[in-house]
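*Asks:* Read off the chains here:
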Amino acid sequence: MSSITKPLIVTRKLERNALGLTRLDYEGEMSTLCAGCGHDAITAGIVQAFFDLALPPHRAVKLSGIGCSSKTTAYLVSQGHGLNAVHGRMPAVASGANAANRSLTYVGISGDGDSLSIGLGQLCHAIRRNVNMLYVLENNGVYGLTKGQFSASTDVGSKSKRGASNQEGPIDPVLLALSLGATFVARGFSGDKEQLVPLLMAGLQHQGFAFVDVLSPCVTFNDHEGSTKSYTFIRKSRQEAAGFVPYQAEIATQYGAGSVQPITMHDGTVLYLRKIDEDYDPTDRAGAFSYVSERQAKGEIVTGLLHIKQDGGDMHDRERTVATPLRDLSFDELCPGTAGLDRLMDEYL
Amino acid sequence: MSSITKPLIVTRKLERNALGLTRLDYEGEMSTLCAGCGHDAITAGIVQAFFDLALPPHRAVKLSGIGCSSKTTAYLVSQGHGLNAVHGRMPAVASGANAANRSLTYVGISGDGDSLSIGLGQLCHAIRRNVNMLYVLENNGVYGLTKGQFSASTDVGSKSKRGASNQEGPIDPVLLALSLGATFVARGFSGDKEQLVPLLMAGLQHQGFAFVDVLSPCVTFNDHEGSTKSYTFIRKSRQEAAGFVPYQAEIATQYGAGSVQPITMHDGTVLYLRKIDEDYDPTDRAGAFSYVSERQAKGEIVTGLLHIKQDGGDMHDRERTVATPLRDLSFDELCPGTAGLDRLMDEYL
Amino acid sequence: MSGNGRTERSEAPEEEPPARVNDFAFKVATANGTGSASANGLILKAIYRMGIPVSGKNVFPSNIQGLPTWYEIRVNKNGHVARTPRFDLIVAMNPSTYAQDISEVVSGGWILYDDSWPLAKSLIRQDVTYIGAPLARMCVEKFAGARERILMKNIAYAGALAALIGMDVDIMQQLLEETFARKKALLGSNHTAFTVGYDYVRENFGLLPVRLEAMEPDGEYVMMDGNTAAALGCIYAGATVAAWYPITPATSLMDNFRELCKRFRTEPDGSRRYSILQAEDELAAAGIVVGAGWMGARAFTPTSGPGLDLVSEFVGFAYYAEIPCVFFDIQRAGPSTGMPTRTQQGDLLSVAYASHGDTKHIALFPGSPEECFYLSVQAFDLAERFQTPVFVVSDLDIAMNDWRTPRLHWDESYRWDRGKVFGEEELAQLKTFSRYLDVDGDGVAARTVPGVGAEGAYFTRGSGHDRHGRYTETEEGYQEVIDRLLVKLETARRVLPAPVIEQHEGAVAGLVCLGSSDAACSEAIAALAERGHQVNKMRVRAFPFSNDVGAFLRRHAIVFVVDQNRDGQLRTLLLSEVHTDRTKVHSIRHYSGTPLSADHVLEDVLPVLEPHDARRRPPHRSTEPPLEALRIMSR
Amino acid sequence: MSGNGRTERSEAPEEEPPARVNDFAFKVATANGTGSASANGLILKAIYRMGIPVSGKNVFPSNIQGLPTWYEIRVNKNGHVARTPRFDLIVAMNPSTYAQDISEVVSGGWILYDDSWPLAKSLIRQDVTYIGAPLARMCVEKFAGARERILMKNIAYAGALAALIGMDVDIMQQLLEETFARKKALLGSNHTAFTVGYDYVRENFGLLPVRLEAMEPDGEYVMMDGNTAAALGCIYAGATVAAWYPITPATSLMDNFRELCKRFRTEPDGSRRYSILQAEDELAAAGIVVGAGWMGARAFTPTSGPGLDLVSEFVGFAYYAEIPCVFFDIQRAGPSTGMPTRTQQGDLLSVAYASHGDTKHIALFPGSPEECFYLSVQAFDLAERFQTPVFVVSDLDIAMNDWRTPRLHWDESYRWDRGKVFGEEELAQLKTFSRYLDVDGDGVAARTVPGVGAEGAYFTRGSGHDRHGRYTETEEGYQEVIDRLLVKLETARRVLPAPVIEQHEGAVAGLVCLGSSDAACSEAIAALAERGHQVNKMRVRAFPFSNDVGAFLRRHAIVFVVDQNRDGQLRTLLLSEVHTDRTKVHSIRHYSGTPLSADHVLEDVLPVLEPHDARRRPPHRSTEPPLEALRIMSR
Ligand SMILES: Cc1ncc(C[n+]2csc(CCOP(=O)(O)OP(=O)(O)O)c2C)c(N)n1
Ligand SMILES: Cc1ncc(C[n+]2csc(CCOP(=O)(O)OP(=O)(O)O)c2C)c(N)n1
Ligand code: SF4
Ligand code: SF4
Ligand SMILES: [Mg+2]
Ligand SMILES: [Mg+2]
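Chains as they are written, first to last, in the working numbering: chain A, -6 to 342; chain B, -6 to 342; chain C, 8 to 642; chain D, 8 to 642.
It is worth saying that the hints were derived from the structure and are not from the lab. Even for Gly, the Cβ is constructed at its ideal location relative to N, Cα and C. Careful: at least some of the hints might be erroneous.
Derived list of chain C stretches under chain B, where covered just means 3 residues or more per stretch with a C-beta under 8 angstroms from a C-beta of chain B [claimed, not checked]: (1) 250 to 262; (2) 267 to 281; (3) 316 to 329; (4) 407 to 417.
Simulated pairs of lysine to aspartate or glutamate, EDC-like, Cα-Cα distance not exceeding 20 angstroms [claimed, not checked]: (5) Lys269(C) x Glu287(B); (6) Lys152(A) x Glu266(C); (7) Lys269(C) x Glu312(B); (8) Lys302(A) x Glu312(B); (9) Lys291(A) x Asp272(A); (10) Lys269(D) x Asp272(A); (11) Lys154(B) x Glu312(A); (12) Lys152(B) x Glu266(D); (13) Lys269(C) x Asp310(B); (14) Lys302(B) x Glu161(A); (15) Lys427(C) x Asp321(B); (16) Lys591(D) x Glu266(C); (17) Lys302(B) x Glu312(A).
Label pairs and their calculated CB-CB ranges [as the list claims (entries may be wrong)]: (18) Gly277(D) x Thr15(B): 53 to 63 angstroms; (19) Asp447(C) x Asp321(B): 26 to 36 angstroms; (20) Glu482(C) x Arg16(B): 52 to 62 angstroms.
Use the sequences and the hints to build the structure in full.
*Replies:* This is how it looks when you write it as structure tokens:
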């Protein structure tokens, strides 16, 4: 099977963004995922976030590993360059690509198998490195592509289609990221684009590793009753801690003055943080950990912007790389030439 | 160089434990580590814990990866079986060995390079699996054996002997383990045997994965001023949260009644938890996370028993493995024989 | 093209070809996730129960729902089970692949399609017969709800097909009853759907010339895939610890093992005489089996190419530290992620020399599901006897496709070979235990397992060690051990499963193959014989190669080496390990991802053999049918 | 044995042997972590500055402090730099290895030891001369504090040695001044220590027959190790992204690269024109260089055996997705963790076929530090030209030992070869960009790098893809791409560095080697020539092998293949890839962990060549010196 090209059907006059582009300019190939798969909704959310931010599509770099979730990089922004790495190892490829060129927009998409099992070490170390990218974990609590095995975020007691029963405690990616000092930690739900898109937008603007865990039900293997990754359960148990107001315009109209707090991102844009719980302070890492785990113990899933630390400095800031992308440096800027070598050789006499 | 056999010098009448063994029966080959290396003190601590618990040495299984720290399994309990796995992959070997035989005493020893870089994924997943073992992370904030590179627990700003400067935030193994739902999380210091030995003993008795992060200065590469893994710094900044009273006898004499709390371990023994901070509750995971991270922000290192969860059930309990070690099952207990096969074949007609 | 269900042939009708009984192939084209797999399974089983040799190959995408998938069924009264790329009949149920599917039927063949919707003009071929049945429409009438209609359409095409090729309706009815024994409600609708398709075709078309006729059922055969058989082998070998990370096409081995364990290894109180650990990745799975093997349990992990790369560090460790463990490599099309649902034999070199440094590994190559069982059992014996990793190298074709394979038998007198293991008793008789000391010259040193008395304790390491297991950096201490490893491998080489050699009178050419290539090679050799070319066959079953392998190569003037990979990896191994003249070795390579067929082999063999054999006897080439007709000839 | 410092010889003194100038070897035995490395470096440098060809080999334990370590220095006026296992002199400073060290000196040789403590009787050999100097005692007198005393004893033995072999004292003084230019305080004590040792020996013993005499310094040579040269190569090639995980003996490559970057790639404001990422493991390091290579930067990672296993999955990915990247494999003794501080060439097969599925990789084999530089530069060009991983395969001996090697030169006209990369301009001229389409038949398709306009965007994947880079599971789409990869490799094969062949009049035998084996093989061939055996030499520099390689094998009646591994991996590669008669191929294998010496080669070559050559000319065997004397003959 070759990949499928989406039939281009233009139904109405299309909205254009600051670059004069339409949403279509941010789309990709037709999805081959199951009808109703949560991942497709996230794809749509990313497309929307790119469109709303008016990012130039050809400056987008889309990276993923292997899995249903990892396939989705092909379903968005086809004008950008994409790469499907080997299973679980996208964070390293993203680190290398970003090291070579700090000027592009990086989006990594992964699954819970890809990120929390085989790729767990790489995810943790990309967080430490604070690679400047949006990292979306499409979390369905199951291995979709290999047909329904448990992942590291599967609930205890969950039963697979083959009848095995999971007994290992799930990893909560949000708690993990907090414990590692991640500079941007959020959780969304594929079924709530309203909340998700602003989180993705903020993640794209964050200077550093923006980690967004998105609950994304797998309709084929893990949407049954009793699954905490099912549409029904998530809809029921979701609590929002702090999120962003999607559009500045809405602030005045929809929200009261006190509950909205401006956050200036690295690129100068101002995002408006909307707090649901007055006590919640997304800059307090330990507080976020407590909040999320206490709610979890009550069977609640906390979503929203859970933690942000703006002054971390990304990998390049910390390592003081030059502003020019390394891959654009000319040979003359890199090779010390004959003189350099001769001088050096004298030292080895 | 062949390994060095320790000269056997008996200086005084040796103390004997419940098995009638002396401390010598729990020792190993002579250490080849640098004089003053923290790891050697931990070795002594483990020997002491084994001796005090009167564990049969030949029932000990010692596992490690690669590194100065990982070498130390050879320096203790030579009557037990030992295995140096490949770098960073001891947790998997321990899981497999334990799966095959649940009746032995497992001790894993690792370093911060072995456990937090190359082996991070394996450590996290052994925690999830709750493999019944004592896991000692000899944490010196540096790669000793490969001569002083940064590890994932190196402080930001630390300078290597070769002049590189570390810019990546350190992983705190304790916070990590808490975020993963570890059932026994402690931190010790190689320079304080008083505190360390009871922690190790409790870890040996814990039914599940007992994670003990031991700060263990590397005198050759990371004991300089400014290192948070130096003897000086640790001595200065250490705070005890909750520990164990080493010997029951001491309770009456040394501690007031209220500050000591009995904890019944899986094997029926009772350990006495000694709380330093009245508010500290080691059964509260989120509380432990906050406590440790808040103190850390103040430059303090919290040691002691930080978290315990007794009813987790180890890997075998959860998976309902038979009591007989699997490797001791006879062929007849395993092979369904001709009758079984014939019946089965009829189903494939 | 109208949808009225009449047989249409665009040209004036030619004479009806003579009936071809129990000797044809067809292909069912559907989309995945639509439930067609169970319909196809029923079709296969029904033919099989009619006593007719049959095989089924599943061609599926690396995706969960909505992409094209095919099921190829070959019926062959002579028992040829290899794939054939010539389809007499296509059951075209997926409009998105009509073009491809229709192009693939042989000239003179038939196309069964759903004419609820008309066929595009561009899809009309002049040399085939179209059979339209309004399956969807009929299902819409009979059933309610989208899901049921979709599902039932599958059973309807099974019914239509049954009528076309003469499937035994009673057998099908029986199968439906077995399948839905516990879901009576479904039985009714399935029966209805089957009848809808069956009746429509019977009324409108009738039997095709390619058709089934019941044969005497041969009770000595079963239908089975290789992963089921391999899992059974692990059960019978007494494996207790299994670790894995999911990967196609290895996954079903563990699924089967788990099911067999539940059945055979569960105590009345529910406790388990096994431990299956789903690891976080293949590195961990390998570590787990190494740990368990070291501890004295029989342990294995199934994986495929990408996982093979990841286990290699541990394989080298187990090789050097001498720890028994079994790896299944179920090969799929590489390199890299490649085509995960396609077959290939591309890992031969990677397995043979897995891991850095001087290493060489025992590998077994089952050629059928039957052998997946027997060689799996043997793998555990070899691993423990030689204290080393042993690979069972299978591939997607054997592992996941449905093969007619001899019934498995169990020899009650079999006892596992645990190799040299010293217990308390043996240790008591020793002055000192030296873990890596070879006392009898076979290269194998006795081991102990943890928990044994202190006399048997030693330290296992992948770093340099001497005969006592002590750490060493000395030339002598180190070299003694790695030299002994070679002796050990040489001992093993002499007892590994011998190649299976088939000799023919007067053959000067020899063909070498392994694994799933066997069926196609046998068929090709039979076809060659009919054309007057005698070719001997050797199926290699183990690496390192026994002496017979070299002898076979040397005794033939022409040697064909058949590889299901691009680089001729079996050929590479043979040339590097065995003495022979390489100029006489012809490499036959097929690596598109589809299983090997006899045609592929013939295409490459004939251009070499024809001129050669022509020189040796009176020319009769012109009387030979063209290559295209070979499949028929070979029957 | 008294400690009074007189020369003692247990037998009646024989006649003094004649002086042997600039042609001897000695070994310094100490414990690691005691500071002897810098003393040994000074000794080597001083000899080198006297204009005398010299080489130093460090034999160190996998440990940080307190275990035995040796430094071997060979002085050879003819420029033979290979290891020799025959030591004329031992500087025995580590009592724990006295027995071994003393046993290793040649008959008639000398032992310099510290007679602050008496030597045990059991250590006395009758055929060597003991030179005792109370170094520790003298240092205790001169210096205060344990640390300084230990450190200064090293400089004291350097002084003693200088007096014994006639080192130029002014040069040594100069070296001390350079070394301690910024630590004047230390200069004084070092000077004192040197003088203490020097004076004591001069007063009590005087010059040995093995001695130094200044030669005309050859400015065309430098002292350098291979990892320094390779790091320089990476700088000169314009590599900007480097990723690694520490592992002996690859670590110093990155240490050097970092230092060179600091020097050559730092902006005045401190910002950096490079990015060095210490990864969490080798898998990640490989992923980083793949990502950077894909992004269009030149990127590399140095590793060793265990890391090689771990990078293999990414190597297969880069091969199939066609991403340029450079891997350095600095080999050490395997298998598994093996002996991390010992040398071997055990990874040849692992590199050649790294990763599952059909893969074959370009590998370059530098034979000296000089070549580590040039071939490193070339590796980046080849990687970008052929869009594939390129391996530079070195070993601990080349990488970490001190070699006299020709001065490196830079050709200003050199420009990097970035291969076929389409930018905006090229893309504008295309109708559609097809990433994996070969338009000119060389097997290389043009790529684009991310950030280029939308016309150049494509999707990179390790799963099945067609010429457009689109996902495919079709036979044709898939096969076109992997077939082209073979064409590409064939193009590469023709332009890879040719083997270096040395022909001798009338030679019927040919010797093949690679990498660090070269020096010993050259020396052995010279020695053989002196004995009347002419042998041609071919040093292979790249895999896959050029046609010259096969031709060389075929044109010699006897072929020796020299491998520094147990399994004869170069031989395996040759036999599987090249057509030749394997019965004439003799495998010479050395794999104890020590660098290869000419003796090792001679030992295996002579038993084959002597009977052979004897048949070809009048016998004169009896007049030949025994094997033991060969080292002297070959000078
Ligand atoms: C090394 C390796 N091992 C195993 C696989 C098989 N595999 C492909 S995807 C996948 C799991 C995907 O799960 P997840 O990341 O959660 O993605 P989802 O399909 O659920 O979105 C596995 C195990 C592989 N491709 N590579
Ligand atoms: C796959 C692999 N990569 C690299 C190495 C080299 N190596 C050996 S030990 C070590 C780091 C050890 O650090 P740590 O675990 O902190 O132990 P320490 O020596 O500090 O106690 C490394 C990188 C190796 N042995 N294997
Ligand atoms: S299997 Fe699950 S994750 Fe994969 S596409 Fe279908 S619904 Fe989505
Ligand atoms: S290098 Fe550091 S960690 Fe290693 S033995 Fe020495 S002090 Fe200990
Ligand atoms: Mg998932
Ligand atoms: Mg460390």
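*Asks:* All hints, please: hold or fail.
*Replies:* Structure-based check of all given hints:
1. 250 to 262: Contact hint for the region 250 to 262 of chain C vs chain B: violated, 1 residues under 8 angstroms.
2. 267 to 281: Since three or more residues must qualify, the claim that chain B covers the region 267 to 281 of chain C holds, with 8 doing so at under 8 angstroms.
3. 316 to 329: Our answer is that it holds, as 4 residues pass the Cβ test (under 8 angstroms) against chain B, meeting three.
4. 407 to 417: Three-residue rule met by the region 407 to 417 of chain C, so holds; n is 4.
5. Lys269(C) x Glu287(B): 49 angstroms, violated
6. Lys152(A) x Glu266(C): Cα-Cα ~14 angstroms, so holds.
7. Lys269(C) x Glu312(B): 12 angstroms, holds
8. Lys302(A) x Glu312(B): Outside the cut-off at roughly 41 angstroms; violated.
9. Lys291(A) x Asp272(A): Distance ~18 angstroms between Lys291(A) and Asp272(A) Cα, so the pair holds.
10. Lys269(D) x Asp272(A): 48 angstroms, violated
11. Lys154(B) x Glu312(A): 18 angstroms, holds
12. Lys152(B) x Glu266(D): 14 angstroms, holds
13. Lys269(C) x Asp310(B): 17 angstroms, holds
14. Lys302(B) x Glu161(A): Answer holds: Lys302(B) to Glu161(A) is near 15 angstroms, not above 20 angstroms.
15. Lys427(C) x Asp321(B): 16 angstroms, holds
16. Lys591(D) x Glu266(C): 55 angstroms, violated
17. Lys302(B) x Glu312(A): 41 angstroms, violated
18. Gly277(D) x Thr15(B): 53 to 63 angstroms: For Thr15(B) against Gly277(D), whose Cβ atoms are near 60 angstroms apart, the range 53 to 63 angstroms holds.
19. Asp447(C) x Asp321(B): 26 to 36 angstroms: Hint holds: Cβ distance 27 angstroms, inside 26 to 36 angstroms.
20. Glu482(C) x Arg16(B): 52 to 62 angstroms: 37 angstroms, violated
In this structure, the earlier hints numbered 1, 5, 8, 10, 16, 17 and 20 are contradicted, and the remaining ones agree with it.
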